[in-house]
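Colleague: Residue numbers (our numbering), protein chains in the order written: chain R, 30 to 405; chain S, -14 to 361; chain C, 126 to 720.
Everything labelled a hint here was simulated from the structure, so no lab data went into it. Please note: incorrect hints may appear among the correct ones.
To be verified - With a cut-off of at most 27 Å between alpha-carbon atoms, the simulated DSS-like pairs for lysine-lysine come out as follows:
hint : chain 1 : residue 1 : chain 2 : residue 2
1    : R       : Lys45     : R       : Lys236
2    : C       : Lys433    : R       : Lys315
3    : S       : Lys192    : R       : Lys236
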Amino acid sequence: MIFNRRLQSVFLKEIKEIYRDKIYLAMALVVPVILMILFGFGLTMDVKNIPTAVLDQNRSPQSREYVARVTRSRYFTLENYLTEVSPIDQELTEGKIRLGLIIPPNFDRTLALGQASEVQALIDGAFPDRAATIRSYLEAINLEFNQELTSRWHLATGQTVPWIEVETRAWFNSDLESKNFIVPGLLVTNLFFYPALLASIAVVREKESGSIFNIYCSPIRRWEYVTGKLLPYWGIGLINYVMIYLLSDFLFDVPFRGSFLFLTLAAAIYLGASTSLGLLMSILFKTQVAAMLITTVATMIPAFIYSGFFIAVNSMGPEAQFMAYILPATYFMELVRGVYLKGLGLQVYWPNLLVLLLFAAGFLSLCIHKLQKRVG
Amino acid sequence: MHQRLAALLRKEYLQFFRDRALIYIVLYVFTIEIYVAGTGFNIEVRNYPTAVYDRDNTQWSVQLAEKFRLPYFRVTHLVHSDPEMEALLDQGTVSLVLVIPYGFARDLAEKNHAAVQAIADGTLSNTALLAMGYASQIAQEFALELGERLGRVVPGTEHLGPQVQLKPRVAYNPNQKAEWFASLIELFSVITLVAILLPAAAMVREKERGTIEQLLVTPITPVEIMLAKVISMASIVLVASALSLFLVIYPIFGLPWRGNLLLYTVATALYVFSATGVGLLIATVCRTLPQTILFLLMVIPPILFLSGSWTPEEALPTGMRMVTYLSPLKYYLTIAYGILLKGAGFWQLWQHFVGLTVLGLLLFGFCALRFRRYFG
Amino acid sequence: MATATLNPASPVISVQNLSKAYRRQPAVREVSFELERGEVFGLLGPDGAGKSSIIQMLTGVLTKTQGEARVAGQDVFADPEAVKAHIGYMPQGLGLNLYDSLTVDENIDFFGDLREVSPSTFERNKAELLQITRLDKFRERPAGQLSGGMRQKLALCCTLIHLPELIFLDEPTTGVDPISRRDFWMIINRLVVEQETTVFLTTSYLDEAERCHRVALLHQGRIIAQGIPAELMSQASTEAQGQPRSLEEVFIQALEPESDAKAAPVIPLEELAPPLDLEDAAPAIRVEALTKKFGRFTAVDQVSFEVKTGETFGFLGPNGAGKTTVIKMLTGILPPTGGRALIAGLELRAARQRIKAELGYMSQKFSLYGDLTVTENLRLYGGIYRMAAADLERRIPEILAMADLEGREDQFAQGLPLGIRQRLALGCAILHRPRLVFLDEPTSGVDPRARRKFWQIIGQLAASGVTILVSTHYMDEAQHCQRLALMHQGRLVAVGSPEDLRQQAEAATGRILDVGSPAFREAFLLLQEHFPQAALHGSRIHIPSQQPDQDRERIQQLLNQARLPVAQILDSPLSMEDTFIHFIQAAAPESGNDL
Ligand SMILES: Nc1ncnc2c1ncn2[C@@H]1O[C@H](COP(=O)(O)OP(=O)(O)OP(=O)(O)O)[C@@H](O)[C@H]1O
Ligand SMILES: [Mg+2]
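Chain R on its own, in the form it takes in the complex (with noise of 0.2 Å):
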């Protein structure tokens, strides 16, 4: 770096600044991790111990089989087992299951006699997600039921039906595990906003105390105020992104398959990208709390629901997308679970790099361009 002794100045003032305060200095450091280690162990996707509740109108071991079946499974747990006509629907309505199994009463003999019986399974839609999931689990569930019940029909009729069977593997996170993909995605969404919130009123505190006079009637230039007030906080996220690399690695225990210097240069770049998002809103808005709103409303809830944190970016509607590519943190996401999960690198991720480069170029000089050394 040239030796600037302006950039400097600031620099150095919004250190001191932040040092001074020393519940913020500690509070920086620290939420991350707070927030790492509640969303690593609280977030996770699996979708695991369902609650269930069943109603088994039939009371024959093998409709007990098929209840032991489904409720053995890890995803599912028993929390009412019901043998009476009872208020299933109720119970889903208020929330204490989110499954409802009716089996009928001729289930046993229907079977026996070859035929088909049909088992109801009520679900809770509220969550679309959830509720897909569980559907396939269950057919999973029911298609091995099946499998067993015909190949044990079929030997003692002599019919012969053709099966094609399935070996499913997953690639780079082989047990499925949600923690996975959940905790390199948290790198990037953590890395997203909290950053741009720090530097979101970098700037209007000043202007609203007063003290943005200094630069006002000063020689500094406006490229070397801006880059002098990015610098702190810049940094301040790259310390929050070791301690968040050292977390998954150590407390998450998440594969990491790639090149550690390839992902901090990359993180490096993408801190540029957030942190100048921050203080552009800081250079636009005039009141600490309209920028500091803005920038939760345009880094938090996209950081995780646009980036494809929970969602594949190719399976959202075309607004939602288009939400997806003009956000910094879906390039890293891609650039980060890649370096994680499937051990990648440049050769790979170059053109990530580069959007992440234009991105955090963009926002500096659009900070540059908009930051007026006048009043009003």
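Based on the hints, put chains S and C with the ligands in the right spot on chain R.
Modeller: Just chains S and C with the ligands now, kept in the frame of chain R:
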């Protein structure tokens, strides 16, 4: 008491409506943002980018591959070698590869049993799981169809032998419209965000600017100051949320009119009051706005994402589950979904109402205590 | 750094027909003037005349509506950045441009780096400025914990740290105590004499304006008079009113014909209703050994005094003496560390909730709502004090008229000029007709005319039996208090009526030799070497003396030797300012050395 409160309320409203930028932001998040988020997801597997690696290359294998089609799978590549497949998965170009091994048709013809492989990109484990489930179903259906064609199985279920036919019924949202879920979740998130953030910022601003000092000398009681903030901010949020419900969610996403809107309004009011309580509590602890932001960052994301909106309560570790009882959103979420989607009445949700009320009262009591101490 | 070298022949600032309008509201109208190098130029005018707008345009932070201005050889509007390297600018307000969480040292360091001052120059300037402003003992204290006046002084240090060629100061001595104001003028004089620095300042202290080479009087955005202070004074004397004694009277006379007919005529303070007889009034405030410690620092040290009901009690003291801290403790904003305070005979803690409705408080730092308009602020406080609607409707116009805020009802408080904001704050403090009023430097930054009006109001309040505790740095105002308390470094050093105090001081120091000279800057520097107690009052030099006759001769001699002209040397009684300085120096002799 009345007159003082009225004067303070007037002041709060004036200050809010003075900040143009703030009004626009609030309007934006309660309308456009909710619309975009509503169209955002399709958590179900759709358009899953798929490649087929057909090493058998027989009539049957081709027929099987053809079954992988829209809306679930979008076959974009036909691969011919392992490295090619690896590259596609690595780069994330496709998320699933169907591998049909050499000898597939022969095995099927001779042994009546063949295996194929579905290799999914496990990075997003939840969608991978769903995709794998669909793949199994498709293969099974193809096998049956083949059996019928070959005359090994006579069409008609009775001849298939005994079978459990699962009749899943997704309650409340039969078509599994993700818009309902997504837009409501977004609404709740936005309510939370604004209801916590606005009063916290407004309160800390008074401290920073020293305006609170002037108030301290007047006969105002701490509770009045607190009430003025709570009532003003809460009413603004309430009106805004009604806006998004009646302008966006009902007309555009066609949410069915199920619940009792009066009950919902009461619940929302209760919730918004508790949320402003959270915000004010934070404001009493913090001296400066930067500190406040950090506190908010520590509190808001966990409330937003761990209250059961994204992660089912039942999937949380016990410790975490205990923590979520402290989040007012947890109760509100159940209540609001219960009313709006499931058409539940008060008696089905009264426990959650009690929870929300108790939590809100606790927050308020604590807040009043802190205010009183501050005002000495 | 800047490459443009200044041509000594051409003016440093030249302004032609400069105008500025905010949303079509004219603030500055066709102003023209020029400044030569090494000149001290004072811009005077009532609050809201457009002074700050002119300064902001000249420093390149505000756009113009029309006209031209060249500063340091550059067109400010075409290339504002080129100008900025040459200038130093201190905005209005009590150190608003400081960073509260940074220490005194760090604030100065920041400005040094920002201006790229070479390390050796920087260290020297910094040490000197800190010493002169008496901030050197507080180098490690965060700016946010300084008193109002200390902040102002620190802001001044920050502005001067790079020894700019051209200094813009917007009300630099607002809230600064008399001793420090002297020091401030010493710095300015030195810069002007030694470095030919050009100084452009605005001030509401008109005795200071007399020290400027030239002044301009701005009214409603127009310059209505311009020239050398002495000439302006003599010009004014040709008119009906006779020889004005000070620039302040020139100022008031000049504005009088243009002032609103509606505005109540300014009554000389002497003619106000006589204050109540307080002989046996009950004490409204009783303070016993009141102490406040911030960490290890004792800001208020065992202060005891009594204020009688209906009394106007003045609070004087240098910056950081602890005046604000005492007032904050009495209003219940700060809890005391020790001692006790009784208000209306009740223990403060117990009394507070009960008497709050009877209390009015105007803080030193503006603390009304900037994003509310004038009327909205008034209504808010009316509501808070539960004034009946009808009463409020009557009272608001009254307050508006009193504070001369008519026509500004719908302006936002944050956009108001400093002096007008102060008036609004006063209005809010007395809106509900309190019985006990605390005013913390109510007149700081307020123009002379409005100040007289303030005191008129205070006089009226006092006459109706209201107890008033007021702090101020204006010594002429102190004279209007019934009793004064002088604080220094947290202690009370004297209490008594103004006349008592003056006589005590005169007994100790003797009378004053008042030296007038056209070359007063040079004469002052010279005399100061021989009479360390010499001080500038306006453009006159005051030297306390026990043997007036002997000293008079010596002064005459010294000046003659130096070939400096002498207009007159008068023997005069001690002024209030001299009294103030005497007590402060007596209380802490070490701090008087550098005077
Ligand atoms: N919160 C604080 N923490 C530490 N020191 C403080 C704090 N507030 C004030 N002080 C110190 O207490 C002393 C007295 O301050 P105070 O504001 O009472 O002075 P003042 O007499 O009102 O001065 P001025 O005339 O400049 O307004 C100063 O030295 C100041 O720095
Ligand atoms: Mg003070």
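Colleague: Hint by hint, say whether it matches the structure.
Modeller: Hints, verified against the model:
The straight-line distance between the Cα atoms of Lys45 of chain R and Lys236 of chain R is roughly 19 Å, inside the 27 Å bound, and the hint therefore holds. Distance hint between Lys433 of chain C and Lys315 of chain R is unfulfilled; the C-alpha atoms sit about 47 Å from each other, more than 27 Å. Taken as a hint, the Lys192 of chain S and Lys236 of chain R pair is honoured in the structure, with Cα atoms around 17 Å apart against an allowance of 27 Å.
Hint compliance for this structure: hint 2 is the single one not met.
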